[in-house]
Amino acid sequence: MVRGLLWILAAILLGGIVHLSTVLAMPQAAKQDAYSRLAPFTPVNAMAPLTATQAGAEIMPFMDPAFATAVCRYDLSGGPLKLIAPVSQAYTSVTFYTRRSVAFYAINDRAAGRRTIELDLMTAAQHAQVPEDEEVTAADRLIIESPTTMGLIVLRALAPEPSLAPMARKALAASTCRIQSQ
Amino acid sequence: MRLLFGSCFTLLIAAALGLGATWFTLTRGVAFGALTIGAWKAWPKSGSADIDPYARAIVARTGELPTGMGDGIAFYARTDDVGNVLDGRCTFRLAGLTPTARYWTVTLYTPDGRLVPNTIDRHGFTSEEIVRDNDGRFTITVAPLARPGNWLPTGGIESFVLVWRLYDTAIGVATRTAKEGPMPAIERKGC
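Chains A and B are the protein sequences, given in the same order. Counting from 1 along the first sequence, just add 143 to a position and that's the residue number in our numbering. Under our numbering, the second sequence has 148 at position 159, and the numbering climbs by one with no breaks.
Hints are computed from structural coordinates only; laboratory data are not their basis. Among the clues, some could well be false.
Pair by pair, the computed Cβ-Cβ distance ranges are [unchecked claim]:
# : chain 1 : residue 1 : chain 2 : residue 2 : range
1 : A       : P290      : B       : F21       : 13 to 23 Å
2 : A       : L148      : B       : G22       : 32 to 42 Å
3 : B       : D39       : A       : G221      : 26 to 36 Å
4 : A       : P183      : B       : L8        : 23 to 33 Å
5 : B       : T108      : A       : A168      : 36 to 46 Å
6 : B       : G145      : A       : P183      : 24 to 34 Å
This one's a predicted model, so the numbers in the text were calculated from it and none came from an experiment. Idealized CB from N, CA, C, for every residue including glycine.
Taking the hints into account, I'd like the entire structure generated from these sequences.
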């Protein structure tokens, strides 16, 4: 009797370990995550506008159809990346995601405080190599540290009314994302 | 012999329990730290590096990109205020206040996050395009057939999800009560 209970207790404990490890392994095992879905449409280290979110043509689930979206799929192994995005008339935001879809940084046009959002994206190792005086002199230079070498920058511009969608798309078309030449 | 039988039994039960629990939590959308206001639920931490392992696994499985914390916050509703499932063959009324935000959008999706095709190509409203009365209040009618005013078509699908997104808002991790963030009421008006 006692022995039976012990077996059951062991089963529950093991079951818990199986559960936790599968949950933790899911991000690595997922084949249909956002990065994989976007890879066929987006070149590396370049800004690519996505087609408008329409019924039957969604690239990812739960996208906001009121927004025009552009994606820069980045790989920092060749050096830091510079992102320049002019803000649209209504609302523009930039969100940085790791390769595993973790949103590690997001900023909107008002927080950026200028007519263009300018950001430098680099790994922690690349940030450590930036000369200190350079960082001080360029006080208005916003540096974002990416926890992973690869990931996604998602630029979103709101069209407050459907008729303003071309305006939002135009604002995104002027944005760039490229590896900085040393 | 008994030992062999016991360990096989244990391993089987463990695998079934563990995988079953994983499947259940990931398909049902169990995540910690939900901010609940009426029928609306948001997970502010899911838009930051502090995202919990369950939300991380869900996002990887579904392929969505969570709304970043510096961008805004997304509230999901799968039922009305008294717990009725949002059935696309019924009529629902959305009315009330929204928290302070520079812009908001409301969108209707299938349970797995797709848009529902309809003849007027309407999948939601933004705070700018919604028709308001003289006091600045608005009512949205979510129904399968055309209605006057702000009509959001359901396409008659079995169940749908409403997502209310607030952009450039103070609502987030520090929000505790509905007083800080009043969300519109969802009321069933008939089927």
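Structure-based check of all given hints:
1. A:P290 - B:F21: 13 to 23 Å: Taking Cβ atoms as reference, P290 of chain A and F21 of chain B lie about 21 Å apart, which means the hint holds.
2. A:L148 - B:G22: 32 to 42 Å: holds, 35 Å
3. B:D39 - A:G221: 26 to 36 Å: holds, 30 Å
4. A:P183 - B:L8: 23 to 33 Å: Check passed, 31 Å falls within 23 to 33 Å.
5. B:T108 - A:A168: 36 to 46 Å: Between T108 of chain B and A168 of chain A, where Cβ atoms are some 44 Å apart, the hint holds.
6. B:G145 - A:P183: 24 to 34 Å: holds, 33 Å
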